[in-house]
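If you're matching them up, the sequences are chains A and B in order. With this note's numbering, the residue at position 36 of the first sequence is 657, and numbering never jumps. With this note's numbering, the residue at position 102 of the second sequence is 115, and numbering never jumps.
Hint data in this document are derived by calculation from the structure and do not stem from the laboratory. Computed from a predicted model, the values in this text were never measured in an experiment. All the given hints hold, so there is nothing to weed out.
So the derived label-pair ranges between C-beta atoms look like this:
hint: 1; chain 1: B; residue 1: 220; chain 2: A; residue 2: 731; range: 35 to 43 Å
hint: 2; chain 1: B; residue 1: 16; chain 2: A; residue 2: 861; range: 23 to 31 Å
hint: 3; chain 1: B; residue 1: 450; chain 2: A; residue 2: 654; range: 29 to 37 Å
hint: 4; chain 1: A; residue 1: 655; chain 2: B; residue 2: 121; range: 47 to 55 Å
hint: 5; chain 1: A; residue 1: 730; chain 2: B; residue 2: 362; range: 46 to 54 Å
hint: 6; chain 1: A; residue 1: 752; chain 2: B; residue 2: 444; range: 32 to 40 Å
Dumping the calculated DSSO-like pairs for lysine-lysine here, alpha-carbon to alpha-carbon at most 30 Å:
hint: 7; chain 1: B; residue 1: 445; chain 2: A; residue 2: 658
hint: 8; chain 1: A; residue 1: 651; chain 2: A; residue 2: 712
hint: 9; chain 1: B; residue 1: 322; chain 2: B; residue 2: 303
hint: 10; chain 1: B; residue 1: 20; chain 2: A; residue 2: 863
hint: 11; chain 1: B; residue 1: 303; chain 2: B; residue 2: 220
hint: 12; chain 1: A; residue 1: 777; chain 2: A; residue 2: 865
hint: 13; chain 1: A; residue 1: 863; chain 2: B; residue 2: 17
hint: 14; chain 1: B; residue 1: 310; chain 2: B; residue 2: 366
hint: 15; chain 1: B; residue 1: 445; chain 2: A; residue 2: 780
hint: 16; chain 1: A; residue 1: 780; chain 2: B; residue 2: 444
hint: 17; chain 1: B; residue 1: 336; chain 2: A; residue 2: 742
hint: 18; chain 1: A; residue 1: 863; chain 2: A; residue 2: 712
hint: 19; chain 1: A; residue 1: 747; chain 2: B; residue 2: 252
hint: 20; chain 1: A; residue 1: 742; chain 2: B; residue 2: 366
hint: 21; chain 1: B; residue 1: 445; chain 2: B; residue 2: 107
hint: 22; chain 1: B; residue 1: 444; chain 2: A; residue 2: 863
hint: 23; chain 1: A; residue 1: 742; chain 2: B; residue 2: 310
hint: 24; chain 1: A; residue 1: 742; chain 2: B; residue 2: 339
hint: 25; chain 1: B; residue 1: 279; chain 2: A; residue 2: 742
hint: 26; chain 1: B; residue 1: 444; chain 2: A; residue 2: 777
hint: 27; chain 1: B; residue 1: 358; chain 2: B; residue 2: 339
hint: 28; chain 1: B; residue 1: 303; chain 2: B; residue 2: 358
hint: 29; chain 1: A; residue 1: 777; chain 2: A; residue 2: 863
hint: 30; chain 1: A; residue 1: 863; chain 2: B; residue 2: 445
The C-beta atom is built at its ideal place from N, Cα and C for all residues, glycine as well.
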Amino acid sequence: MAYWEMIFYWVALIVYSLSCGGFLYSFIFKNPRVMPKLTALFMVGFLAHTVAIIARFNATGHLPWSGHYEYALMGGWFILGATLWVGWRNKQLQGLAVATLPLVIIMMGYGYMQHPGLTPKAASLKTIWLYIHVYFAWLAFGAYSLAMAAGVLFLKKQKDSLNPVPNETYARFPSLEHLDELIFRYVVFGFITDTIMMAAGALWAKDLWGGYWNWDPVETWSLISWLTYGILIHLRVTFGWKEKRLAWLAICALSTVIICFFGVNLVVNTSLHMFQVR
Amino acid sequence: MLKKMLKSLRSLRFTIVLISLLGCMFIIGLWVPQKDLLRDIYFQWQASSPKLVAFLDFFQLTSIYTSWVTLTLWAFFFINLSLVMWLRIPVMMKRIEMPLARIADPEAAPGYPFRGNYPLPASMDRAAVIKGLAGSGYAVISNDLAFYGVKNRLSPLASGLFHLSFFLILVGGLVSVYSEFIGYIDLAQGEPFAGELSRYNQKPPPKMPKIGSPPHAAFTIQSVVPQVVRNTPVGISVKLVDPQGAVHEVGINSPYTTEHSSFVFKHLGVAPLFTLTDPSGREVGGSYFKLDVVNGKEDGFRLGDFTFKAYFFPDFEQKDGIKRTKTMEFNNPTFYLIAERAGQKVAEGIVPKLGSLDFLGYRLQMREMPYWVRFYVIKQRGLAIVYSGFAIASIAVIWRLIFFRREILGAVREKDGVPCLLVAGRSEYYKKLAEDEFALLFGKLVGQTPQR
Numbered sequence: 622m623a624y625w626e627m628i629f630y631w632v633a634l635i636v637y638s639l640s641c642g643g644f645l646y647s648f649i650f651k652n653p654r655v656m657p658k659l660t661a662l663f664m665v666g667f668l669a670h671t672v673a674i675i676a677r678f679n680a681t682g683h684l685p686w687s688g689h690y691e692y693a694l695m696g697g698w699f700i701l702g703a704t705l706w707v708g709w710r711n712k713q714l715q716g717l718a719v720a721t722l723p724l725v726i727i728m729m730g731y732g733y734m735q736h737p738g739l740t741p742k743a744a745s746l747k748t749i750w751l752y753i754h755v756y757f758a759w760l761a762f763g764a765y766s767l768a769m770a771a772g773v774l775f776l777k778k779q780k781d782s783l784n785p786v787p788n789e790t791y792a793r794f795p796s797l798e799h800l801d802e803l804i805f806r807y808v809v810f811g812f813i814t815d816t817i818m819m820a821a822g823a824l825w826a827k828d829l830w831g832g833y834w835n836w837d838p839v840e841t842w843s844l845i846s847w848l849t850y851g852i853l854i855h856l857r858v859t860f861g862w863k864e865k866r867l868a869w870l871a872i873c874a875l876s877t878v879i880i881c882f883f884g885v886n887l888v889v890n891t892s893l894h895m896f897q898v899r
Numbered sequence: 014m015l016k017k018m019l020k021s022l023r024s025l026r027f028t029i030v031l032i033s034l035l036g037c038m039f040i041i042g043l044w045v046p047q048k049d050l051l052r053d054i055y056f057q058w059q060a061s062s063p064k065l066v067a068f069l070d071f072f073q074l075t076s077i078y079t080s081w082v083t084l085t086l087w088a089f090f091f092i093n094l095s096l097v098m099w100l101r102i103p104v105m106m107k108r109i110e111m112p113l114a115r116i117a118d119p120e121a122a123p124g125y126p127f128r129g130n131y132p133l134p135a136s137m138d139r140a141a142v143i144k145g146l147a148g149s150g151y152a153v154i155s156n157d158l159a160f161y162g163v164k165n166r167l168s169p170l171a172s173g174l175f176h177l178s179f180f181l182i183l184v185g186g187l188v189s190v191y192s193e194f195i196g197y198i199d200l201a202q203g204e205p206f207a208g209e210l211s212r213y214n215q216k217p218p219p220k221m222p223k224i225g226s227p228p229h230a231a232f233t234i235q236s237v238v239p240q241v242v243r244n245t246p247v248g249i250s251v252k253l254v255d256p257q258g259a260v261h262e263v264g265i266n267s268p269y270t271t272e273h274s275s276f277v278f279k280h281l282g283v284a285p286l287f288t289l290t291d292p293s294g295r296e297v298g299g300s301y302f303k304l305d306v307v308n309g310k311e312d313g314f315r316l317g318d319f320t321f322k323a324y325f326f327p328d329f330e331q332k333d334g335i336k337r338t339k340t341m342e343f344n345n346p347t348f349y350l351i352a353e354r355a356g357q358k359v360a361e362g363i364v365p366k367l368g369s370l371d372f373l374g375y376r377l378q379m380r381e382m383p384y385w386v387r388f389y390v391i392k393q394r395g396l397a398i399v400y401s402g403f404a405i406a407s408i409a410v411i412w413r414l415i416f417f418r419r420e421i422l423g424a425v426r427e428k429d430g431v432p433c434l435l436v437a438g439r440s441e442y443y444k445k446l447a448e449d450e451f452a453l454l455f456g457k458l459v460g461q462t463p464q465r
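Use the sequences and the hints to build the structure in full.
What follows is the structure, given as structure tokens:
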């Protein structure tokens, strides 16, 4: 890790942890007033996170695109950037951070334990397809994470609505109907970017490995993930699955994406997607 | 009976079952080493657990992606898809039509969750409203009483395109599999190649195409320049000269492509020219040896009466008696050789680039140290069909899911003596979010907030 990268990485992690604790407090102790302040704190962490990425870029000469640490660094940035973006566009969605922050904190903690060393860009990654493929992969991961977060909020809000004295915090969020549609909208966005990611990856694979589809473990899991979200969309559009069932599906389906990004290379050391960086 | 079977075959439930089963097969394929994908691991595993591997082989679990179970599931998947598509075509066509019968009373028409009533400003009439809607991307039809508008009318066609892309990928995939030649070939700097089949590596043996011929490429390797920074390979430049004298550069991510064939760089090795002279100074042998030693592997060669075990250090240093490489950069390429005769070790020593090893009066000398490269050679047809499939799938998904349909019904009527725009709206996929969108649209159109 570069010197400034290390400092800002830890600053980001600490600030994220503080704001995550704050979001949990506001939910559990029914204090919604602190949420704008927590969002401001979260933004400070995001700035530090951005500086850490810039510092790494400055040290290596390339964006962090490969290896578990860089997946966590850049993937976390996309997920939290998306959370801040939707929270900025619609204040009612600031609370999505209560689900995305813990996910990213765990990802970043795990990434730090892997391979944070500075490495030059491997030859296999020197192609324009990398940017297209990875950019759309992170957009998909970000969107699916937001769908998961909206699913968590939906379930919590729905459960709370049955209480005789509802939690004020949930009143800050969009209505259940809006949340239900937002879950679907995020899944749709993720599915589109996922599709482009897979098509771009196949074209890249033809030049790099000689075949557009190699049944590599990461490829296979990305296909499983894509099919899972495809089924989710069909269930919603054709069978009318919504609300609680859709929320649970959005939460559970994220596991396929996490396995694809982190899980496969953890248990299988034969993946072509390691790119000699681990 | 047939009707019932067809109904089951085209059901979404059946699709989900098929996808789930295919997912299970893929998961098994991740855990069980596959014969065609991980040959070395598979053979090692077969040697250590012959009974287990034979058992898994019997059930085709070691070639799961081409097993009859997987192929049957894929066949059912495409039967299911074809039936669904066949039934969907008339539905799609009906949805994009705009008959006058779609015009209905916005106050009473069922299935429109959004309703609004906007007092019209004096400067606006029905024609202005319709013009405004057309300006917002709505195709509008009207009669004397009301109008009907639809945005993204052709969007349902994208569903058909998306599913069509599956067929293109399948057809392209089949063509590419049946016309596929796959082989590996090791070529050293200065070595010519004229497309001879016998020159391909026999382990694994080349996969011959069922349709078409093997590649007809011919070239000579002009140079090989690897680039490594510390322990990371950051590039390689392999220059090929074809019979017309044109130079082609192969790198990682940029194969040499000619006549549907690609020569993809896969592996780098060193091919030193060693000569052996006996105690009288007479040369007893000499040759280029393609040694697969770059990643710390052991390889060997035979010269005269001797066999040599070879270890390679690209950036050699000896520290505290331990031989090692500082980095993977080719700064100080050095061999460590062990000479044996009749199975007995007779000498050992280091041989730097262009250096020599003296033993028992013999001298082993390295005259040159060029590199060799392994190419993965693949010839396929039908790729254009597959790529069209990818492109159509991406376009169709964007079209269908972002540019989805919004339908509105509207009429201008007097309410309490005031001309009002009465509207009803609905959208695919979204209800609440579309209500916000409609409220914004009509509010903007008439310059007012709705009375709902």
